[in-house]
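Given these sequences and hints, build the entire structure.
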Amino acid sequence: MKRTFADLHLCPENRKSEDMIRLLEKASELGYGLVAMTFGQSVALAEIEKLRKTGKHIGVDVASRVDLKPGTADDLLRDLRRVRRKFELVGVSCDSKSVSRQAAKDRRVDMLFFPSIDFRRRFFDGAEAELASTGVASFEIDLRPLLVLNGPSRIRLLSSLRKEVAVSKHFGVPIIISSGVSEELLMRKPMEMAALASLFDLKQEAAIDAVSKNPVAVIKRNREKLSPGFVAPGIRIIRKGSDC
Amino acid sequence: MKTIKRRYLALEIDCEKMADSGEFMGAVWDALVRLYGEHGASQTGLGLIHYDSGERYAVIRTGHTALDMVRAALASMTQIRDKPAAVHVLRISGTIKALHKETAR
Chain F
1 MKRTFADLHL CPENRKSEDM IRLLEKASEL GYGLVAMTFG QSVALAEIEK LRKTGKHIGV
61 DVASRVDLKP GTADDLLRDL RRVRRKFELV GVSCDSKSVS RQAAKDRRVD MLFFPSIDFR
121 RRFFDGAEAE LASTGVASFE IDLRPLLVLN GPSRIRLLSS LRKEVAVSKH FGVPIIISSG
181 VSEELLMRKP MEMAALASLF DLKQEAAIDA VSKNPVAVIK RNREKLSPGF VAPGIRIIRK
241 GSDC
Chain C
1 MKTIKRRYLA LEIDCEKMAD SGEFMGAVWD ALVRLYGEHG ASQTGLGLIH YDSGERYAVI
61 RTGHTALDMV RAALASMTQI RDKPAAVHVL RISGTIKALH KETAR
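Taken in order, these protein sequences are the chains called F and C.
The end of the first sequence is residue 244 by our numbering, with every number in the run present.
The end of the second sequence is residue 105 by our numbering, with every number in the run present.
Incorrect hints may have been included.
Distance condition first, Cα-Cα at most 35 Å in a straight line; then the derived DSBU-like pairs of lysine-lysine [as the list claims (entries may be wrong)]:
1. C:K2 / F:K56
2. F:K189 / C:K97
3. F:K213 / C:K101
4. F:K2 / F:K86
Everything labelled a hint here was simulated from the structure, so no lab data went into it.
As structure tokens, this is what we get:
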């Protein structure tokens, strides 16, 4: 069966529909079948639906995503209550240890990402991975910093990523590789993303899964959960009425 | 002596203003040296086979053992001659003939 490639982190800078459409067209051209577009928390559902229809026309399946950047663990819980049922994907930017720990154990969080390039502020260690492995959260790696940084900062980032990937593999936390870009020129083909993953010791097969199987599985699971008939994993309402 | 197996890569160059072939290869070498150092870059056996600025198309050659290194270096390229650019791999083949056949398809 043909693989579907996915990029779950496209973040248009000014959220203009023309920019979003340009990113979708580029994604389709590069061979992606599924992309997740980042929206603000207050976006109207009609806007998401409109973009989804445009994506369908272009030939890309569009999923809605929100990135939470909570200051504290309590902020995270409050944000999750508000947005979880509105978006297909919830990513948490882990800027502090308390937020990272809470995000890793909360089953409403789909992806953990660590935007800081400072290794002291990247909290994906063994404890974090163990919590994530008992929950459903995946470890997301954005490739944008690898493209825009150079010199010592890129070297340090690669070193951190290498350690985090090893920890992730050890605890069986799924890895998702995304672009995290807002400009078309920084978008890369899925196989190019997999090639870049070799820089932090992710084997080719695992890297290809990280741009196809793993992200597709997250979207599939969440769409099932958000569907009206969903009761629990594997159980769904198929008919309602007096004769049931 | 062991024969060196080669791989040919057909590339698409995505940028606003095209550079000449020397500048393009300079950017590829720069990316390789930045990622793998001079020692690593020396093991790639990189060479330019064909460059068409009008079609934004190039063909390069590398040793098959260095293919992953070259792919990563090409993916890491964001500039050619200080202008934003991206290089995408269209096809990879073991012979130029097969590469042309596949890209023409």
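Do the hints match the structure? See the list:
This hinted pair does not check out: C:K2 and F:K56 have alpha carbons roughly 51 Å apart, beyond 35 Å. This hinted pair checks out: F:K189 and C:K97 have alpha carbons roughly 24 Å apart, not beyond 35 Å. Our distance criterion of 35 Å between C-alpha atoms is met by F:K213 and C:K101, whose separation comes to about 31 Å. About 30 Å separates the Cα atoms of F:K2 and F:K86, which keeps this hinted pair within 35 Å; it holds.
Taken one by one, the earlier hints fail for this structure only at number 1.
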